[in-house]
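Student: Here the structure of chain A is known, so what remains is to put chain D in place on it, guided by the hints.
Now for the letters of each chain:
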Amino acid sequence: MMTIENLKEIKEKARPILEERLEQEGKTEVRDGNIVLKGDYYKKQVRIALRNCEIIRPESIDEYIALDGYSALGKMLTEMTPGEVISAMKDANLRGRGGAGFPAGRKWEEAFKYNSDKKYIICNADEGDPGAFMDRSILEGDPHSVLEGMAIAGYAVGADQGFIYVRAEYPVAVKRLKAAIAKAKEYGLLGNNILGTDFSFDIELRLGAGAFVCGEGTALMESIEGKRGMPRTKIHRTAHKGLWQKPTIINNVETLANVPVIFQRGVEWFRSIGTEKSPGTKVFALVGKVKEAGLVEVPMGMSLREIVFDIGGGVAEDRAIKAVQTGGPSGGCIPAELLDTPVDFESLGAIGSIMGSGGMVVMDETDCMVDIARFFLDFTVDESCGKCVPCREGTKRMLEILERITEGNGTEEDIERMESLSETISSASLCGLGQTASNPVTSTLHYFREEYEAHIRDKKCPAGSCQALLEYYITEACIGCTKCARNCPVSCIDGKVKERHVIDTSRCIKCGNCMAVCPVGAVIKR
Amino acid sequence: MEFKFDWEENKEKIEEFKIFIKENMDKEGALMPVLQEAQGKFGYLPVEILEMTSKELRIPLAEIYGVATFYSQFSFIPKGENNISVCLGTACYVKGAEKILEEIEKVLDIKCGGTTPDLKFSITPTRCIGACGLAPVININEDIHGRLKVEDIKGLIEKYR
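Heads up: the sequence lines are chains A and D, in that order. No gaps in the numbering here: position 192 of the first sequence is 192 in the numbering used here, and each next residue is one more. No gaps in the numbering here: position 160 of the second sequence is 160 in the numbering used here, and each next residue is one more.
Chain A extracted, bound-state conformation (with noise of 0.2 Å):
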């Protein structure tokens, strides 16, 4: 049987040797008392929910407890009530970091409150947003600390059973955590009596089998029941009448994985982080047309443009910043002209985005805001669980609309159109997906309107990326090599040998073999 005192003497022996070997690969350094990643691009960055990722071997338990894990546990098992816990956790304010950002103390505190022979604890790994992988990146590098955070949750509201909800395209984090829960179980971290207590708690992975709206709390329970992955409608709070019925809390990876530093280190101490109303940090997934991709992890409040600059390197090929989308299909494109805005919950909702679960996407001025809406609205449409009619058929018909501005065949009266329709979608869909499926729509109309109007009335693309309203133009530097006439499949190009070459545009499929094949890049786009 495991104990506290067992539990300090594997950390005494695994640190040491721990430090020896991080010492040798030399990539981390030591800064106030931690144990960070070296280099320019993590000096801005506080890791905490990542503050072991690439430090720690993801497999082995050893390392985890040697830089403290499980002792928030442990230290809680012993000497906290469930009531002090939450009310730790209320102090602290961490918000949910899945994107809606509501406090997970007082989520917790429902569940306490509410009485019931049996309470669940659900991990909401069902990280879905394209080009997102935060979650990913905690479940591979880091699984401990969510199991831990899923045991105090389960001790917090008086839980013994917990599922992590995983997307069946992670294997490797799938393959992770039942190493990880296994050994947790062999340790006595996890199981009955933990520690000596009179607390027992169990995990069980769940996997997902490729539905974006089960990432929905309701619809991820129905869906763990063997269900279709639909939502409820929300009579019961989660809290209070969740996965079977019973008094469930769903807490996002990154979330959880917050939650054991913060009895390590005092509420304090989290709240001196970020900001009053977002205290503490926020994973980010940087990506897009950005120099330094990757994953950043920075305290609330930051601006967008400290993150992109200061961070991430600046615009790749060093274009001029156009817009950065934050908040997946849920979220918005913020123009270049708010950069300065500071990344929390309230800021970015204000500027019609949301923080959502972390993907940042840098666009540039080469990318068109009426495609990009569009590309969300594909995606949207895909995973639209079909329950409610607004969500269902309303954003069907949106995507024709955008299609056909895109392709050149929009109307004056398609803004309006898709104004009305974004207003029914949002307030009469039933669960966040549908809820927010027009914010791309919304976000770029209110600030890229004139990029619509040019779509619509001059059926030109500013910015050169919809491939329907180009042409493919030969300029006066042609040679009359034959070359791109000869590589067209659908022959529109005329011209004799060293003669200016012609494109029938009428005829032309905008293909682009002939501006690839051009020796002296005779061939633009216009």
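Treat the hints loosely; a few may be bogus.
Claimed, not checked - The calculated DSSO-like cross-link candidates involving lysine-lysine, where the alpha carbons are at most 30 Å apart (straight line), are: (1) 27(D) x 183(A); (2) 227(A) x 4(D); (3) 27(D) x 185(A); (4) 178(A) x 22(D); (5) 175(A) x 22(D); (6) 483(A) x 99(D); (7) 11(D) x 178(A); (8) 178(A) x 41(D); (9) 41(D) x 175(A); (10) 13(D) x 510(A); (11) 118(A) x 27(D); (12) 99(D) x 246(A); (13) 79(D) x 227(A); (14) 22(D) x 183(A); (15) 18(D) x 175(A); (16) 149(D) x 241(A); (17) 41(D) x 185(A); (18) 41(D) x 227(A); (19) 496(A) x 149(D); (20) 149(D) x 246(A); (21) 185(A) x 18(D); (22) 13(D) x 178(A); (23) 41(D) x 396(A); (24) 483(A) x 149(D); (25) 27(D) x 178(A); (26) 178(A) x 18(D); (27) 183(A) x 18(D); (28) 149(D) x 227(A); (29) 185(A) x 22(D); (30) 27(A) x 11(A); (31) 99(D) x 510(A).
What the hints assert, rightly or not - Some but not every residue of chain A turned toward chain D, in silico, with C-beta under 10 Å: (32) 204; (33) 211; (34) 226; (35) 228; (36) 385; (37) 490; (38) 496; (39) 507; (40) 509.
Derived from the structure by calculation, the hints contain no laboratory data. These numbers were taken from a predicted model, which means no experiment stands behind them. In this text, a Cβ means the ideal position worked out from N, Cα and C, and glycines have one as well.
Tutor: Chain D only, in chain A's frame:
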């Protein structure tokens, strides 16, 4: 298209699958893990296996069908040994991809998206694969075949039989 599920050939897998069901049937919400096991084991969800699942788990087949169709991970037909992807991008389209597709459908006697009963071939429509210069193009497994004419199809498919 109905696929004959070979009980003899899958005997061992079926036994393993039955054991998996036994081990998991008392678990609440066992259906998803069981379907995932079946998909992984057999490569698709044969109706015979779904019937077996229905009996063992005591869940109506209709309900199982509802769940299985909801998630994109599950498929009801196996993919063929040779998968033919037909490019339906614009360049291929104007160069007669439709005719090529029709010919493939005729030769294999299945519709686009289907699989032949002997599991040798399946046809999948794809978006532009970026080989417009070779239009019309089809991919058979990893091989690209371009500048195709309708009369080439029969011989080409023969090579993969």
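Student: Each hint should be assessed against the structure and marked as holding or not.
Tutor: Against the structure, the hints come out as follows:
no.	hint	in the structure
1	27(D) x 183(A)	holds (22 Å)
2	227(A) x 4(D)	holds (28 Å)
3	27(D) x 185(A)	holds (19 Å)
4	178(A) x 22(D)	holds (21 Å)
5	175(A) x 22(D)	holds (23 Å)
6	483(A) x 99(D)	holds (28 Å)
7	11(D) x 178(A)	holds (29 Å)
8	178(A) x 41(D)	holds (20 Å)
9	41(D) x 175(A)	holds (18 Å)
10	13(D) x 510(A)	violated (50 Å)
11	118(A) x 27(D)	holds (15 Å)
12	99(D) x 246(A)	violated (58 Å)
13	79(D) x 227(A)	holds (26 Å)
14	22(D) x 183(A)	holds (26 Å)
15	18(D) x 175(A)	holds (24 Å)
16	149(D) x 241(A)	violated (62 Å)
17	41(D) x 185(A)	holds (28 Å)
18	41(D) x 227(A)	holds (21 Å)
19	496(A) x 149(D)	holds (29 Å)
20	149(D) x 246(A)	violated (63 Å)
21	185(A) x 18(D)	holds (28 Å)
22	13(D) x 178(A)	holds (23 Å)
23	41(D) x 396(A)	violated (36 Å)
24	483(A) x 149(D)	holds (23 Å)
25	27(D) x 178(A)	holds (18 Å)
26	178(A) x 18(D)	holds (23 Å)
27	183(A) x 18(D)	holds (28 Å)
28	149(D) x 227(A)	violated (48 Å)
29	185(A) x 22(D)	holds (24 Å)
30	27(A) x 11(A)	holds (22 Å)
31	99(D) x 510(A)	holds (22 Å)
32	204	holds (8 Å)
33	211	holds (5 Å)
34	226	holds (4 Å)
35	228	holds (4 Å)
36	385	holds (8 Å)
37	490	holds (5 Å)
38	496	violated (22 Å)
39	507	holds (9 Å)
40	509	holds (5 Å)
Of the hints listed earlier, those the structure fails to meet are numbers 10, 12, 16, 20, 23, 28 and 38, in rising order.
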